[in-house]
Structures are given as C-alpha cells and as structure tokens.
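Residue numbers (our numbering), protein chains in the order written: chain H, 1 to 488; chain C, 1 to 94; chain D, 1 to 330; chain F, 1 to 116; chain Y, 1 to 154; chain V, 1 to 503; chain Z, 1 to 112.
Because the hints were derived from the structure by calculation, they are not lab data.
These numbers come from a predicted model, not from an experiment.
Even for Gly, the Cβ is constructed at its ideal location relative to N, Cα and C.
It is possible that part of the hints are untrue.
To be verified - Think about it this way: if two alpha-carbon atoms lie no more than 16 Å apart in a straight line, the pair counts; the simulated EDC-like pairs of lysine to aspartate or glutamate are:
hint: 1; chain 1: F; residue 1: 99; chain 2: D; residue 2: 82
hint: 2; chain 1: F; residue 1: 99; chain 2: F; residue 2: 109
hint: 3; chain 1: V; residue 1: 165; chain 2: F; residue 2: 109
hint: 4; chain 1: H; residue 1: 155; chain 2: H; residue 2: 108
hint: 5; chain 1: V; residue 1: 165; chain 2: F; residue 2: 108
To be verified - Some chain F residues judged to face chain D by a derived CB distance under 8 Å, without partners named:
hint: 6; residue: 9
hint: 7; residue: 10
hint: 8; residue: 21
hint: 9; residue: 31
hint: 10; residue: 34
hint: 11; residue: 69
hint: 12; residue: 71
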Amino acid sequence: MSAEAAVLASLALPLLGAFLIALAGRISANIREAATMLTATGLALIVWSLVPLVMAGERPQVSVAEVLPGIELAFAVEPLGMLFAALASMLWIVNSLYSIGYMRGNDEANQTRFYVLFAVSLGTTIGVAFAANLFTLFLFYEALTLSTYPLVAHKGDQRSVASARVYLVVLLSTSIVLFLPAIIWTYMAAGSGEFTLGGVLAGKLEGAGVGLLLLLFVFGIGKAAVMPVHLWLPAAMVAPTPVSALLHAVAVVKAGVFAITKVVIYIFGVQHLLDAFVADLLVAAAAFTIIAASIVALRQENLKRLLAYSTVAQLSYVVMAIALLTPLAGIGAAAHIVAHAFGKITLFFAAGAIYTAARKTELHELRGIGRRMPVTMSAFTIGALSMIGIPPTGGFISKWYILAGAYQADNMLALLTIIASTLLNAAYLLPIIYMAWFAHDETFEARAHGEAPWPAVLALTLTAALTLGFFVFHSAVLALARQLLPGF
Amino acid sequence: MYYAVIVATLVTMALALLRAVRGPTVYDRVLAVNMFGTKTVLLLAALAFVFGRPDFLDLVLVYALINFIGVFAVLEFFRNRATRAGERQPAQHE
Amino acid sequence: MSTITLLFSIFLLTLLMITTMAIVRTRNLFVAVMLMGIASLLIAASFFLLDAADVALTEAAVGAGISTVLFLGALALTSERERSPSSLPLLSLGIVAIVALIVIYATFDQPPLGSPSAPVQAHLTPWYIESTRELIDIPNVVTAVLASFRGYDTLGEVIVVFTAGVGVLFLLGTGASASAAGAPLSEDNAGLRHYLIPRILGRLLIPFILLLGFYVQFHGEYSPGGGFQAGAIVAASIILYSLLEGEQRALLVIPQGVLLAMMVGGVLLYGAVGVAGLVLGGNFLDYSVLDSDPVKGQQWGILLIEIGIGITVAGVLISIFHAFASRGAA
Amino acid sequence: MDILGLYHYWVFAVLLMTGFYAIVAKPNLIKKLIGLSLFQSAVFLCYITFGKLAGGTAPIVGKGAELFSSPLPQVLILTAIVVSISTTALGLALVLRIKEAYGSIEEDEIQEQDAP
Amino acid sequence: MLTLLLILVLAWLFWSGLFTPLLLLMGALSCALTVYMVRRMGYFDTQLFTPRYILRLVGYWGWLFLEVVRASIQVASVVLSPRLPVSPQVIEINAEELELIDQVVLGNSITLTPGTLALDVHDGKLLVHTLTCEGAYALREGEMKRRVASLRGA
Amino acid sequence: MLAPHLPMLQVVVPLLMAPFVVLLRPRGLAWAAATMASLMAFAIAIVLALSVVGDATLTYRVGGWMAPYGIELRVDAFGALLLLVITGASSMALLGGQRSLERALPPTREPYYFSAWLLALTGFVGIAVSADAFNIFVFMEVSSLASYVLIAGGPDRRALSAVFKYLIMGTVGATFYLVGIGLVYMMTGTLNLADMAGRIEAVADTRPMIVAAGFITVGLALKAAIFPLHIWLPNAYAYAPHVTTAFLAACATKVALYVLLRFDFLILQQHLSGHAFQFAGYLMPLAVLGILVGSGVAMFERDLKRLLAFSSVAQIGYMLLGASLVSVSGLHAAILHMFNHALAKGGLFLAVAAFAAVTSGWRLEQIGGIARTMPWTFAAFVVCGLSLIGVPGTAGFLSKWYLVTAALEHGALGIALVCVILLSSLMAVAYVWRMVESACFAPDFDAETDADSTPNRDFAAFSHLLPTILWIVALANLYFGLANALPLELAKSAARTLLGGLP
Amino acid sequence: MNIAIDIASWVLLTLGGVNLLIGGIGVLRMPDFYTRMHAASLTDSMGAILVILGIMLQAGLSLATVKLGAILAFLLLTSPTAANALAVSALLAGMKPRTGDAVQRTNHEADA
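Pulled out of the complex, with its shape left as it was, chain H reads as follows (with noise of 0.2 Å):
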C-alpha cells in the first residue's frame, strides 16, 4: 500500500467500520464488539506502517477535492500528525477493549450506537491530524464536534442533555463566531490556509493584527479549553467514561492543542511570531488557565470533575509550551501530549472501573477503595504520579522538556507557573491516594466488591504499563518530534 493510499485507508477505514459495526449492532453484540476491535485494529496498523515513512523524511500528501478556488480538501502526514495519529489508533484498541468490559458492566443502552459514533469519531480524528490546510482541519474538527455530541448525550437523560447541549453550544459556537472567521481572515490575508513549515502570514500580516488573529485562534479552537472557553470540558464528564477516557482525555482535547499547536507552527511560524512578540499573550493565557483550573480541581468532589479540571490544565501545559516557542519546549509540547494521553486515560479508567464495579463517583466515597480493587488503584496512582510529574511516570518526561525549554526561553512567568502547578497537581491527586489506600471505610457496603470486569481491568493496566513505559520508551516519541525543530 503506498503511503498515500494508507492515508485515505486510515481515514476510510473508521467510516467503513462505523458501518460494519451498525450492520453487525443488529445481528448480535459479540460480533459488533468484534468488529469494533478488528477496525480499531486495522487502523492503528495502517496509521502505524505510516511511522517509519514520516521518520524517515517522507511526508505523504493527498489531495482529494478543490472545495473552493483556492481551498482543497486535502491531506498531509507531518510528525505532530503522525505522532497524534499514532496515538490515538493505539489508544483506540485499548479503550474499545474497556469498552466492551464498562458498557456490559454497566448495562447501557444504545451500545450499538455507541460504538458506531466512537469509530466515526475517531476518523474524524484522523482527519484532524493528516489535515493539510486549514479548511481542511476545520471541516475535521466540526465533524469531531458533532460526532462525539451524541456520545456525551448518551446516557439521554436530563442531566446529560443539558450538559451536552452546553458542550455542543461552547465548542460549535467558538468555532463559528472566533474560529471561522480565523480561518476567513487567514485565507484573505495570506491567500492560503496550506500548513507550510515556517508560516504562511510572515509578511502578510504584521502588527496588532498578529495578536488579534492568535487570539482569535486559541480562543476559537475551544478544544484546547483555555479558559474561559473551558466550560465544555466538565459538562462533558456526563458521558460514558470510555468516552471521557479517550476522547475528552486524547481525542478531543489533543485534537485542541494538535490544532493550536499546527497554527502556531505552520500558519503564523515560529519566527513570525517570535517577531512579533505575541506568544507572551498567549503563555498568559495558558498560565492563568493552568493555575485557575488547578485551584477549581482542588475543590471538586466528584471524580470525573476533577480529573477534567486537570485535563485543562494539562492542555494549556501543552498551549503553554508552544507558546514558548523555544525547541525544547516544543518536543516537550509533543511529548506532554503522548504522556498526558497515557496518564489521564489511565486515571478515567480507574474512575470508571470505580463506577462500574462499585457505583461511586465522589471523592469521599473511595475511602479505602484501594484494598477492595488493587489492580485498579495501583494504575490510577500510576497516572496520578504522571499527572503530577514524578518520575518514573511519562509525565515526568514532557515536564522535563518543557521546563527545559521555558528556561531556554527565559520565560519567569512559565517556569513559576509549571512548579507552582505541580504542587496544586499533587495538591489535589495525593490525597486521593492517600485515602484509597489508607483510609478505612466507615460505613459498612452491603455488597462487597470486586474488581470491574475483565477488559477494563486489562485496559487499565495497559495503559498503566504505557505510562510507565514512556519514561523509559520516549525516544521514538522524541525523534518525531524533533522533525519539528526546523520550525523553530
């Protein structure tokens, strides 16, 4: 298969799947689940025989349709894109494989639909990361908006609508009135919305317009969740958690700061920035962000909230890190995005392994918890660890790189904020540990129980392994990475 042909299969594959799976949604669940594995699988393969091209040099592009004069539809495999891609795929696997254990565990309804949604979303995915242009990454990263809309509504009760409503509202609503625009005042100016190593504005735009248009950018890509456009994030804990694990701990978001990440660096250009001294708005921005939601992480009870304040943070370590525009702090930005990947998918496991096997969502309830599901508390201190950045954790990695390259930038303002955020991060992780493991339950369960059901507890512990293996295992991760420097 040429590399081409890999990246329209890649983006093929996962439409293909979402129909098998809603064939096979009416024939029987285990065939479904089969199929869910089997596409998930087939991609990753596909995105994975890609990796080697991209290391070697090669950056395998498509074109598929002139949308309009000027703008294509078209597709290009670059590191970040490949590094996010690959990620994701991988990902992909382990989550449907929790999946499977979480929605039988629990009983849900519409699973078929679930899973149909789950494989659209990730095409959309990986439409986002080969996108080419801008127009291109747009049109992903709506389909992405409105594909993953039903899986947060999914539970369809009171609660979730409205949550989801509020999801949909703050992502379409950024995206069309700051986004959009963005993307029109990109076109007018530069003529073209092409990823270009070094930029497409140098010298096209100059002066406040920079800052407006950055601005513009960051606020309307509200994946990223710098605050205050945050606010989809939490409401979106609704959904199932396979759902919070990969998408709105790796898809969704990463697609966010993927995103951020590929204006920064192709659109504006790394130097055409520098010169225009903006970023400096922007590492505001994220620092506020990361110090804010850190503090709100702190006071939240329920689980899943408080691991999705600290997604916000973590996002903007990656916003943050970009906007540093130093070398290291990008492989750090690259870095923080595969480590937090492994880290928080870890942790919403846990959560909702937690949920399944025991019914408890809020922080006071897991008291003791830690005796009662072992395996699912050693991997959720494995990701809190990552979280908090300290070795031997993944997360231990991408904070390295990025406090590295905020020294290089000698940015005061990023290096207090990432030291004083890793204190809130600990300030808020450890003393769930802390109880779960040493704390005694009070009050006395009817029913004792166990772990959750075998492919979440597996999941779980995959991705556990992953973090704890990024520590060691970076370098490919690195390489990638490292293609970029040129931009800088």
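Let chain H serve as the given structure and place chains C, D, F, Y, V and Z on it in line with the hints.
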C-alpha cells in the same frame, strides 16, 4: 348627432348609479345594475357608430345577451336563501 | 381621441371611482357584488372608448356573467354581511394614501394620453400592424398578436385557466361526486323551473347565446372576439341553463367527464399545435410550417389554438360553476 | 388637454388604492377578493390607457381605418383578465372551504380559532 | 327544430357577413352543434312556435309598440310632474285558459309596457303591479290578453 | 435534433403532461406520470446546465418570431442553476413523497393534485427560462395558482386560511409587478428584457421609471417573502402537505428572487443612476433584519415545520444580503446559496415528511424518540440540518464562506455584516439542535395522552423510497460541500452576467 | 332623401335620449322599489327602441342594421324577463309592494 344620445345615456347611468349607491334595498341596486346593463348596450351601440366601426356591434350583441344572466343568478340566490330559510317556495302572494 | 370622447371617458371613469368607493364602503356583500357588476360595465365601456374592443368584449363576457354568478354562488354559501368592522382603517388609509401619491407622482412624466410619439406607439406597434398584414393576413391585429406573435403568453393564459379549474375541482370536488351519483332528479330543488317567464325566455335565448359564442369563436380573426370570450359565452349559456333547469339537468347535458375532457382537450390541442410546429421543423408554436403557404399556416394555427382556448375555457368555467353549485346542494 | 390626458392615470391610482384598501383593511374574505379584483381592474385600465393612440381606432384592419391603437397592451390585458378571473375563482373556492371548516369568513374570527 | 335551425343559419349569415368557405363551414358546424346542444337540453320536447305563430307575433308587436309609446308618455308625465302622482296597485289577472307560452308573452308584454309590471306568474295567474290606477283599469279591460290569446287561435 | 429546442421542451414537457395527469384515475398512475415528467424535466435541466457552463447563453424564439416582437426564451447560467434546483426539488419530492401524499390526499383528488404539481413546475421553469417581462408574469401566476392548490391539499384546516393569505398577498405581489412592468413598458415600449435594458437609458431619470422600479421590487419581494413581507410564508409552509412544502420551500421563493435579481441588476441598476445604492440601502437592512428575526423566531418555535419555515425567511435574508452587496462576489454567494439552501431545506422538509409517516404530529415534542425509530432518516435529517447551519463539509458552508468573504470586501460595514452572519449561524445551531435534541432525547411521544393527535405508528405506510431519496439529498449536501464545481461555475458566471454592465 | 333620414334618426335619437333621461330621473324620484321598476322599464323599452331605431336609420340597409335589429329584439326579450326575475326575487324575500289601497282583485272570477 349621436352625442346627444350618448350624453343622455351617460347621465342616465349616473342617475342609476346614484340609485345603486343609495339603495335603500338590495333590489334597488339590482335594478340599477340591470338598468346600467341596458344603458351600456345603448352607449356602446352609439359609440360604435361614432367611431365609424359598426362591426363592433358584436360586442353589443354579447352584452345584450349575457347581461341578464346576472339577474337570474340573483333570483336563484334569493330562491336558494328562501329555501334555506325554510320558506315555502315558490313565493306566492297571499 | 377627440376631446369630446375624452370627456365621455372621463365621465365614465368618474362614475367608476364613485362605484368602487361605494363597493369598499358598503358592508353588505351582496350590494358590493351588484356594484361590481356596475363597475365591470363601466370599465368595459371605458375600454371600448379607449379602442380596446377585444378587451371590452372579454370584460363583458366575464364581468357581467361569470364573475357575478361566481360571487353570488359563494355568497349563497357564506354570509351576506360583513360582520366585524374594518381593523385599523387609519393605518391602512395612510399606507394607501402614500402609495396613491407615489403613483400620481409618477404620472407627471408620463407621455400624455394618446401621444403618437409615446414609445408604446412608436416601438413595436407599427411592426405588429405591418407584419399582421404581411405574414398572417387577418384583420384583427389583436388576435394575431395574441395567438401568434405572443402565442406563448396565451398558452400560459390557458394554463392559468386550466390551473384554476384543477384547483377548484381539487378544493371543492366535482359537481358529480357531490350530488350523490344515482340520486333521482329532485324536481323541487331544480333551479328556476317554477318561474315561468325566466324559464321560457331562457329556453328561447339559450340557442342564440350558444350560437353567439361560436360566432365569437370563429370570427376572432375578423372582429373582436376569440377563444376566451367564446368560451366564456358558451359557459354562460350553460350556466344559464343550469340556473333555469337545475344543476343536475345541466350535468346531464354536459356530463362531468365531458367537461374534464374539454378542460384537458383544449390545452392539449393548443400544445399539439405547438408541438406540430416543432415536429415540422419550425420552432414551438410556429404555425408557418403547418401549411405549404406560411400565411395560410399561420391562419390555420390561429384557428386551431383559438378553438383550443375556447374549449378549455368553457370546460373550466362550467366545471367551476358546477363545483360551486354542488356545494350548495350538498 | 394635458391634465385631462393624465386623468386616466389618476383614476388608475385611485382605483388601485381603493382596491388595495379593501384588501388591507377589510377582514371579510370575500370583501378582500372583491378588493383584489378591483385592484387588478385598475391595472387593466392603466395598460389600456397607454395603448390608446389619439385619432386611432381599435387595431382591427378594416375599411376607413388608418391609425390603430397599440394592440400589445390589449393582448396583455386579455391575458391578465383571464388570470384575474382564475384567481378570483380559486379564491372563492377557498372561501367556501374556509367557511365549511371554520364556520366564518371573517379573518379575525378565523385567527381566533387558529390560536391554540 | 328545423325552424330553429333555419333561424340560426340566418342569424349566422347576417351576423357574419363573410362568406369564405371556411367560415361558412364553421357556421354550419356551429349551427349544427347548437342544435345538438339544445336537443340535449331537451328543448324540443314541446313544440313552442309554429311559423304561423311567429307571423302573427310580428303583427302583435306592432300593436304592442303603439301601446308602449302610449304608456311611455303617461309614465313620463308622471315622472316629470312635480307631485309625482303615483297610486300603485297590485292586481291579479287570470290567464289560466292561455297556453304557458302565451302566459309568458302576456307577462312580458305587460312588463314591457311602462307603468305595468308582471310580478309573478304562477298557476295561470299573473300578479301585476301598476304605477297608476289608470294603468290598472286599462289592463283590466283585457285588451292585451285577448290579443295574446288570438295569436294562437284559428 | 432536439437539442436546440431544449429550453422550450423544459417548459413543454411538464406543461403537456399536466392535462394528461388529470385523466389518470387508478391510484398511483397520476403520481407515476407526474414523476416521469418531472424526471424528464430534470434531465433536460441537467443537459441545459452542462451546455451553458462557461458563460454560454441559449436563446429560443417561440413561434419563430424574433426577439422584441415575439417572446424569447433565454437560458443563461443563472437560469440553468435555478432550473436544476426547481426540477431537482420536484423530482426528489415526488419520488420520495408518494406514500406521504397518498395519506394526505383523498384518492379522488389525487390526479388534480399531481396535475397542479406539474403546473407549478411548469410555472417555475417557465419563469426561469423566460426573457420577457410579461411572460414572466403569466408563468408566475401559473406557478402561484398551482402552489395554492398544492398547499391547500393538506388535511389541516389551517392550510386553508394560510393559503388564502398567500393568495391575497401573492396576487397583490404579482399585480404590483404588473404595474411595474406596465410603467416600464409605457416608457420603453417593449417587454423583452434585453430590449428593455437597451431602451431604458433614454428614460432613466423619469419619474415613472423610479416608481416602476419600486413597484417591481416590492411586488417581487412579496412573492419572495422578503422580510417584512414574509408573513404569508410560515403558515403556508407549515400546514401544507409535507411533500408540497419540501418542493415549494426548495424553489418557490427563489424563483421570485431570481426575477428580482435579474430585473434589478440587468435592467434597472445599469441604467438608473443611484439605483444600486438605493437597492442596497433599502434591502440590506431588510436582509439583516430578516436574518435575525427569522432565526430568532425559529429558535422559539415549537412546530417543526413552522420552525423550518422561519428559517427559510432567514435564509432568504442571506441571499438578499449577498445581492445587496452589489458585487460579483456577493451575488455569487447569494446565487450559490439559492442552490445550497434548496438542497438543505428540501431535504429537511422531506425528512419531516418521513417522520410524519410514523409520528402523530410534528411539534417538537411529538417527534420525540424518532431518532431511535428511524435512525437512518434521522441521520439524513441531521446532515441536511448541518448544511443549513453551514457546517464545513456541507453545501451550506460554502455559501456562507462566500458570503462572509464577500462581506469582508466592504470594510467596517462588512465586519458588522459578518457578525450578523455569525450570530445567525449560532442561532441556526440553536434551532437545528432543538430539533435534533427532541428527536434524540425527548421521551417517546405518547399519542394516546395527547388529545389532538391520532396515534399513527404505522410503519407499513412508510415507503422505502423516501429514505433512499432523503439519503440522496443528504449525500448531495455533502457532495456539493466538497465537489461543487458545477454550481460554483454556474453561480460565478451568473454573477458576472448580472453585474456585466456595472462598473 | 339623406336629409330626411338624418332628420328622422335625429328625432328618434333625441327622443330616445329624453326618454332615457326621464327614466333615470324616475328611478331616482319614485318612492318605492316597485314603482322605480316602472321608471326603469321606461328606459329599457321605449328608450332602447327609439335609440336603436335611430341608429338603424343611420346604418341604412346593411349587416349592421340586421345586427341592431337582433340587439333590439334581444333587449326587448331580456329586459322584461330580467325585470320579472327581479320582481320575483323581491317578492320572494317578502318585500311587499306599497299600494294605495288593498290588493284589488280585478278578475271577475276571483271576485266571485
């Protein structure tokens, strides 16, 4: 020579119109319409000759024949209404 | 137009204005319909004064006969009096006054009445009159323009009539279906049969009205008239018959199926003539190719399409009348 | 003569607006239709008026006729009259159906019934 | 029926005044169609007029015309006199012995004459409205009825 | 041999089929004939569209008479695009709507309905191909009368009062137009549009011309339901049979707008000084208001069809907004939006028809749970809804994109307009999403507890053709969102033609 | 000869015109509906006869005369019929004629 008769017709039309506007009963108005119809026939006949185009008399012919259908429709209308009102029909004077 | 005829026409128009005001003012709908009859007569007379004999004939056939009958038919089934007072007359009056002023404002730059240098007279008219003489060779230029030069418009007009027929039949159902098939002719609810004078006179006049209708149909090329007027007159005679003898008897004379066939047949005849032009190598509605002599061809074409118009119009108007009348019976 | 020549157009304006007034201000549906047909008649008058040629006669070629008024406006108005009567017939049919469905032909009463 | 056809043909020819073959053909067609339609309408079930009747009718019209002139002058004088001396009357005339068609002729003659107006014709009785008493007396003399009756007589 | 006659055949085919249809008695036959005629017209429209790509113009002399004397037909890019919309909408609605119509119509009236359908189609295409001002009026009336019939066809009695209002306003609009062209004719002596444009120069500054421009604009605005003259539209669309609505919503108002644009740009603006400015000055605020008010009302409307109808008012505002920019790009956007909106709205209304086959009504609460019972139909509905919002990847996005870029050419004003467009897009999100939410998450509507509806869960009556057609439309929405060469080319060429004479 | 005809037709036309006017005035002046009908019939019968005869004289022996004759015949047939129909309608609606005294039964048999 035709002007005299045309003027007379026009004035008569005006008078009939006055009656039609004034009423007081609906029948007065129908009467006026009917009169108006005949006057139009005469007017057009005279005008056709004023214009020196007597072949336009076809038009007058049409008027002469079509005009009274309206009055029949009125009759049918009242008959219909009388029937509906449950009155004996056709009307007979006491 | 000599000054004196101009004065006549001004007089007529003044009467017309008074009539329309009265129409709008009166709260009795029956009175309004009667006054409409007068207005129609006045308009027709004005048309005649303004050299529009064909139009006057149409207005005569429509306004005096059909229109009144239809309105009365509707009134019979609804109510005669307007119930509620006008809403917001001041606002409406304001709007109306403004638009009227705008229109009057426009009049001051208009070419004065009858000016030979007006574009209307100078641009197309001479060509039409010349070409009618040369290419079609019939006296009535209006018919020539109507049926040939702008035959496509007239096709559209026939379609409008047909649409109205279809619409009324759709909305009200056909007369036949409403007056329950197979029901015996009820003698006591059968029109004006008990009124001796109208009945006998009607019987006497109907043949002449019919003949007049056919006459107008076939002389459309020579004098005012044509398919539409003829159709209306023929329809009027049938309507007269059903007023006199009852609607059900009229349906026996021309059954619903025949009426439908007429509606359809007329349009199809028109269309077929058009298509024939196309098939014989001309354009659509090009009659010149119908005969070896193009002038003859034009005349044939005009004759045929006028027949088509007449058939459709008669069919539609009679159907509409029956549809209205049968609602009353039901 | 000039002012007299414009009189026709003024009548056109007045008729047009009288009809329009009936359409706008009268709640009775049949009255609206009557207004509508007056409204259209006004336009017919306008067309026929500007088709008139001073000293002309109806455009039917015959002996003794030299100048002809324009046939085109007459053709147009023939068509328009047909359109007008068709619209009126359809409107009346609708009124009948409305009367059957609502028991009234007054706009305000119908609106009241339509309001949930 | 033949009478009618004849009248129609004559009417066509006089109305038309054009004698091209095509138009004559159309005329023939029209007359035939009219007769056919009228036949369908059932108007030949009863014989209305005989040619002799029509001839006599013309003579009757002559008398009627004079009658109309006379009555017109009377009514005109009533209308124009300042006092408006009307004295309306409703009278009933029995015409049971007349044929229906003759009743109609009588009724219409009455109406045509200004000053008298046939209100209703029913079961052989004509209800007549007159403008003045004199008109009522004139009618009561029955001159008109006699003349109408004699139209059909031997 | 037929090729030169295609502009004529486009009208003649449905025209001559309409009378035939009246005669077809057995159930379904009338439908089949109407559908066949409509599909033929669609095919002709496609051929025409392909043959005018690249600024070509086809003309046809009806009756063989040359232009200012006889009537001329003229198909240019704009017309061809409109023809595609009209015939396409008609064909799709007929194909998909058979069962739905069978339920709505008494069997004896079916032939009349389908005949009226073809007549409406005839009227619309007649307007689109005509190059003669009066001929346009005639066909406008054909289409209007037929539309009244189509709308009055529904079982809902409110359709009657709605149609009556439409009839009055439509006729007033047509008569205004007639007055307008009468005045123009009086001043120029011609009715042929091209000839008119040529002769208008001499009388450009006379008062009748100015008044004529006003009358024509107002009359057509009434027909096109431009805010605030839209009041006939919501009820007429809401209470008509669903399939009727799908057809009319896709093309009826657009045809009037088409005439308006042609008149304003080809004839009036090129020659009346300051007309362009006036046109924009009057219509732009109306367009903006229409967009905002239409969307605003739609956001709070509970009746699905009324909601969509109000959205139509807003969408007409978009088209008008594009036109009122008086620039090639603005017109281009407006014309493209005509095409794209027809795709979206037609699909939405067809989907409503599909829903109504199994629900007891189409108030938002009544379609509760429809996403579960009819997932495929619902998915198509969502796709069309997204196109209506203007989500990228759908046809609707492109027109909005062009509209925004066109507006941005106008500096500060343009930015304000962009804000309006974006705001109304958000409103569109809101109302589309209310529908989606109701369909997905509202509890299954329990017809038994609802007094004024009849239980109607009757799957047998649900035709399989309808979902297929719906998906064709939905896929068209997606297809033309990505590969839109044809409409784009046509719209561009149309915009160039319209603005051809302007500096 | 021509002059004689002209004078005759002039007289007829003028008389007809006068007749029409008188009828018009009568329609206005008469006190109630039925009496007004008499005035109307004045114009319908006498007026029409005179006017059309006058025009016929002018037209001479031509098709137009025949047509005018037909018109006159039709008018004389239709106008009393219409008047009768109208009177019947009025009676039907219960409108009583205003009479000087009670209805007089003039017929001998009826009196008996």
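Tested hints:
1. F:99 / D:82: 13 Å, holds
2. F:99 / F:109: Roughly 11 Å separates the two Cα atoms, so the pair holds.
3. V:165 / F:109: 14 Å, holds
4. H:155 / H:108: 8 Å, holds
5. V:165 / F:108: 12 Å, holds
6. 9: Hint holds; residue 9 (chain F) Cβ to chain D Cβ min 4 Å, cut 8 Å.
7. 10: Constraint on residue 10 (chain F) satisfied, holds at 6 Å.
8. 21: At 5 Å from the nearest chain D Cβ, residue 21 (chain F) passes the 8 Å test, so the hint holds.
9. 31: 6 Å, holds
10. 34: 5 Å, holds
11. 69: 4 Å, holds
12. 71: 4 Å, holds
In summary, the structure agrees with every hint in the numbered list given earlier.
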